[in-house]
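Q: With chain A fixed as given, assemble chain B onto it according to the hints.
Given next are the chains, with one letter for each unit.
Protein chains: 2
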Amino acid sequence: MHKKLFIPGPSEVRPSILAKLATPQIGHRSKDYSDLHGRILPKLQQVLYTKNDVFLWASSSTLVMEACVRNLSNKKVLSCVNGAFSKRWAQMCTANGIPNEVLQVEWGKPILPEMIDAKLQSGEFDCLTVVMNETSTGVESPIDEIAEVMKKYPDVMFCVDAVSCMAGVKIPTDEWGLDVVLAGVQKAFALPAGLTVSAISNRAFERAATVKYRGYYTDFLDMKKYNDKNQTPATPAIPQIFAMDAQLDDILAEGLDNRWERHKRLAEMTRNFVESHGFPLFPERKYCSKTLTCAVNAKGIVVADLNKELGKRGFQISNGYGDLKEKTFRIAHMGDVTDAEMKELLDHIDDILKTLPTNVQA
Amino acid sequence: MHKKLFIPGPSEVRPSILAKLATPQIGHRSKDYSDLHGRILPKLQQVLYTKNDVFLWASSSTLVMEACVRNLSNKKVLSCVNGAFSKRWAQMCTANGIPNEVLQVEWGKPILPEMIDAKLQSGEFDCLTVVMNETSTGVESPIDEIAEVMKKYPDVMFCVDAVSCMAGVKIPTDEWGLDVVLAGVQKAFALPAGLTVSAISNRAFERAATVKYRGYYTDFLDMKKYNDKNQTPATPAIPQIFAMDAQLDDILAEGLDNRWERHKRLAEMTRNFVESHGFPLFPERKYCSKTLTCAVNAKGIVVADLNKELGKRGFQISNGYGDLKEKTFRIAHMGDVTDAEMKELLDHIDDILKTLPTNVQA
Numbered sequence: 009m010h011k012k013l014f015i016p017g018p019s020e021v022r023p024s025i026l027a028k029l030a031t032p033q034i035g036h037r038s039k040d041y042s043d044l045h046g047r048i049l050p051k052l053q054q055v056l057y058t059k060n061d062v063f064l065w066a067s068s069s070t071l072v073m074e075a076c077v078r079n080l081s082n083k084k085v086l087s088c089v090n091g092a093f094s095k096r097w098a099q100m101c102t103a104n105g106i107p108n109e110v111l112q113v114e115w116g117k118p119i120l121p122e123m124i125d126a127k128l129q130s131g132e133f134d135c136l137t138v139v140m141n142e143t144s145t146g147v148e149s150p151i152d153e154i155a156e157v158m159k160k161y162p163d164v165m166f167c168v169d170a171v172s173c174m175a176g177v178k179i180p181t182d183e184w185g186l187d188v189v190l191a192g193v194q195k196a197f198a199l200p201a202g203l204t205v206s207a208i209s210n211r212a213f214e215r216a217a218t219v220k221y222r223g224y225y226t227d228f229l230d231m232k233k234y235n236d237k238n239q240t241p242a243t244p245a246i247p248q249i250f251a252m253d254a255q256l257d258d259i260l261a262e263g264l265d266n267r268w269e270r271h272k273r274l275a276e277m278t279r280n281f282v283e284s285h286g287f288p289l290f291p292e293r294k295y296c297s298k299t300l301t302c303a304v305n306a307k308g309i310v311v312a313d314l315n316k317e318l319g320k321r322g323f324q325i326s327n328g329y330g331d332l333k334e335k336t337f338r339i340a341h342m343g344d345v346t347d348a349e350m351k352e353l354l355d356h357i358d359d360i361l362k363t364l365p366t367n368v369q370a
Numbered sequence: 009m010h011k012k013l014f015i016p017g018p019s020e021v022r023p024s025i026l027a028k029l030a031t032p033q034i035g036h037r038s039k040d041y042s043d044l045h046g047r048i049l050p051k052l053q054q055v056l057y058t059k060n061d062v063f064l065w066a067s068s069s070t071l072v073m074e075a076c077v078r079n080l081s082n083k084k085v086l087s088c089v090n091g092a093f094s095k096r097w098a099q100m101c102t103a104n105g106i107p108n109e110v111l112q113v114e115w116g117k118p119i120l121p122e123m124i125d126a127k128l129q130s131g132e133f134d135c136l137t138v139v140m141n142e143t144s145t146g147v148e149s150p151i152d153e154i155a156e157v158m159k160k161y162p163d164v165m166f167c168v169d170a171v172s173c174m175a176g177v178k179i180p181t182d183e184w185g186l187d188v189v190l191a192g193v194q195k196a197f198a199l200p201a202g203l204t205v206s207a208i209s210n211r212a213f214e215r216a217a218t219v220k221y222r223g224y225y226t227d228f229l230d231m232k233k234y235n236d237k238n239q240t241p242a243t244p245a246i247p248q249i250f251a252m253d254a255q256l257d258d259i260l261a262e263g264l265d266n267r268w269e270r271h272k273r274l275a276e277m278t279r280n281f282v283e284s285h286g287f288p289l290f291p292e293r294k295y296c297s298k299t300l301t302c303a304v305n306a307k308g309i310v311v312a313d314l315n316k317e318l319g320k321r322g323f324q325i326s327n328g329y330g331d332l333k334e335k336t337f338r339i340a341h342m343g344d345v346t347d348a349e350m351k352e353l354l355d356h357i358d359d360i361l362k363t364l365p366t367n368v369q370a
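Residue numbers (the numbering used here), protein chains in the order written: chain A, 9 to 370; chain B, 9 to 370.
One chain only, chain A, in its complex shape (with noise of 0.2 Å):
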């Protein structure tokens, strides 16, 4: 049996969006994938607000974070880490030779405007990279707080991984002044794993021509070359690239502001629920994601039970990421997901949880 995907990510994909995939194949070098391509890109531009160039990449959201530190630095990169993919962009520069340190904070808390100008004063760093929606944690950092900060840095590049949140919360990229912001679309898209976008600034297209080796499936400009033609320097995903083609209608069909508040209004549903049956959110309220709810297991049930029987109806959530097992446990609401679903998921869960033995002293 098809479990539905609660999990932050890869997200449920409707059957229609599904049926897309299997398009018979065309050339990625024919006037037909042209077409597709350059129909995409304006879409994705509506979707994050922004002028910039958009890039489809044949890869996971992992490639593009380690395309930004290979693109971007001569000089050293502040990694601002909060959560198990934050870690990751700082152990790409380690990965690459690049300098780099790390802005640590505990798990669970957001990275904030302050910490950030703290560091920036000393003059050191050309390269910023921070997480939007810590996945691991269910942290939303205040990114629209954090650009007012890097308006006053304008040579450092301002890189933003917005993989679980993108396509399901408001991203004013060119108001917010971000030079990267990525996302792979198993996540808020709702589409299936295989393809990364991201929109690119010129002043990143500008930097990159300084940097000497930004490597060959990573390089920003040989990217842009092929992009300006509505075509990728490699082969691209064609069958994630027809599907997106399909739920970027259907995304902009449904309104992006319409898209915007109902993540809103499940978050809230959510939080509501857990916090009601004992289970305090992991992060403050205020810096709760959007479009995954991390709550800690005061209550000390067995999170893998909890799934396992969430599993024989049909419905899948998260363990906690890493050292969080079973402390915490994440339910995603992102994607396509509506407030009826939302409600069947939690009510499965409210009725599992009657019988699930708890740990805790009555």
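Mixed in with the good hints there might be a few duds.
Because identical chains share one entry, a pair is satisfied inside a single copy or across any pair of copies.
Here are the simulated DSS-like cross-link-like pairs (lysine-lysine), alpha carbons at most 25 Å apart as the crow flies [said to hold, decoys possible]:
(1) Lys-84 with Lys-220
(2) Lys-83 with Lys-220
(3) Lys-335 with Lys-237
(4) Lys-95 with Lys-233
(5) Lys-39 with Lys-12
(6) Lys-316 with Lys-351
(7) Lys-232 with Lys-333
(8) Lys-333 with Lys-307
(9) Lys-51 with Lys-39
(10) Lys-237 with Lys-95
(11) Lys-316 with Lys-39
(12) Lys-320 with Lys-39
(13) Lys-237 with Lys-316
(14) Lys-233 with Lys-333
Note that these hints are calculated values from the structure, not bench results.
A: For chain B alone, kept in the frame of chain A given last:
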């Protein structure tokens, strides 16, 4: 109207395999995913005649070519270049600051063992890159003969790009001692683009452990760590992996020897067809690819017009690559193409050629 693809990638994908792409998504840290991943690896090992580790990369082949030079050289790479795709390997070294020397051979000619032997004798190289089947020119270099020479140089990593021939011709990985053999699945595997396969030797892992800046997405050792538990470090291209599982069953059901024989037969049919129509083979016959035929446009037809007419009938072949455009044309016969389908295409070409003007004096 869909055009049936006889271009050297992407190949035509059968509807039953396309349908597998639309399988509902599963979490990539779930048991279901590990079962799928673990089911595929031994089947790929059969296709590649290897006991080496086989990896599934969410990327096109280009990324894995780049991974080779990033993981396997501390001294200098010898890049054998006899076409557009082999040239990329040299460019990747440059883009990553990896010392390399180009062994340049004229387009249309193969890389021969004595050329490599002459170069490697200097002892300055620790990695060799060679393309088995040059998609730009239709040349198959004699990897079996090169493998004999490579036995003299156990410290030189032997990297083979088999992009447009893997799963179309026999590649006895272990017998030849290939340290890396890689291919995107949109060629002779007859799967949709977005997934790359590689087999990596233990010797290669040992070398990688001595190389400092292997990158993150490209790191062979990180891939191995996850592959050992039937996972990938980053999110995999799940739709293509579902399709590959089914396609490998079909490939093994056809029988590997039958599959190699079919490709030889289709190649012979196509070579004879073009020659008998006044188009000489671009490479010397003994070095002609078994998965695609590159013919010289000796009659001075307009290849674009031939393809336009074919398009009206629901078929597509390829023009020459880059500077060889209109000077050559390419007909692919890879993947799941049957004898009858090949004959149907060639009959159409025969028919169209009767109507196309030529530039050759009678």
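Q: Take the hints in turn and mark each one as holding or not.
A: Now the hints, each set against the structure:
Taking the shortest Cα distances, Lys-84 and Lys-220 sit within 25 Å of each other both inside one copy (15 Å) and across copies (19 Å). For the identical chains of this complex, Lys-83 and Lys-220 are neighbours both inside a copy (12 Å) and across copies (20 Å), given an alpha-carbon limit of 25 Å. Taking identical chains as interchangeable, the C-alpha atoms of Lys-335 and Lys-237 lie at most 25 Å apart only when they sit on different chains, with a minimum of 24 Å there against 50 Å within one chain. Taking the shortest Cα distances, Lys-95 and Lys-233 sit within 25 Å of each other only across copies (18 Å), while inside one copy they are farther apart (31 Å).
For a Cα distance limit of 25 Å, the shortest separation of Lys-39 from Lys-12 across copies, 15 Å, qualifies, whereas the shortest one inside one copy, 37 Å, does not. Only within a single protomer do Lys-316 and Lys-351 lie at most 25 Å apart by alpha-carbon distance; the minimum there is 19 Å, versus 54 Å between protomers. With identical chains, the CA atoms of Lys-232 and Lys-333 are at most 25 Å apart between copies only, with a shortest distance of 24 Å across copies and 41 Å within one. With identical chains, the CA atoms of Lys-333 and Lys-307 are at most 25 Å apart within one copy only, with a shortest distance of 14 Å there and 69 Å across copies.
Taking the closest pair of Cα atoms, Lys-51 and Lys-39 come within 25 Å of each other only inside a single copy of the chain (19 Å); across copies the shortest separation is 36 Å, beyond that limit. Proximity of Lys-237 and Lys-95 under a CA criterion of 25 Å is satisfied inter-copy only: 22 Å between copies versus 35 Å inside one chain copy. When the C-alpha separation of Lys-316 and Lys-39 is checked against a cutoff of 25 Å, the pair qualifies only between copies, where the shortest distance is 12 Å, while the shortest distance within a copy is 48 Å. Proximity of Lys-320 to Lys-39 under the C-alpha cut-off of 25 Å is restricted to the inter-copy arrangement: shortest distance 15 Å between copies versus 47 Å within a copy.
For the homomeric pair Lys-237 and Lys-316, the shortest alpha-carbon distance between copies (21 Å) is at most 25 Å, but the shortest distance inside one copy (49 Å) is not. Taking the closest pair of Cα atoms, Lys-233 and Lys-333 come within 25 Å of each other only across two copies (21 Å); inside a single copy the shortest separation is 44 Å, beyond that limit.
When held up to the earlier numbered hints, the structure conflicts with none and fits them all.
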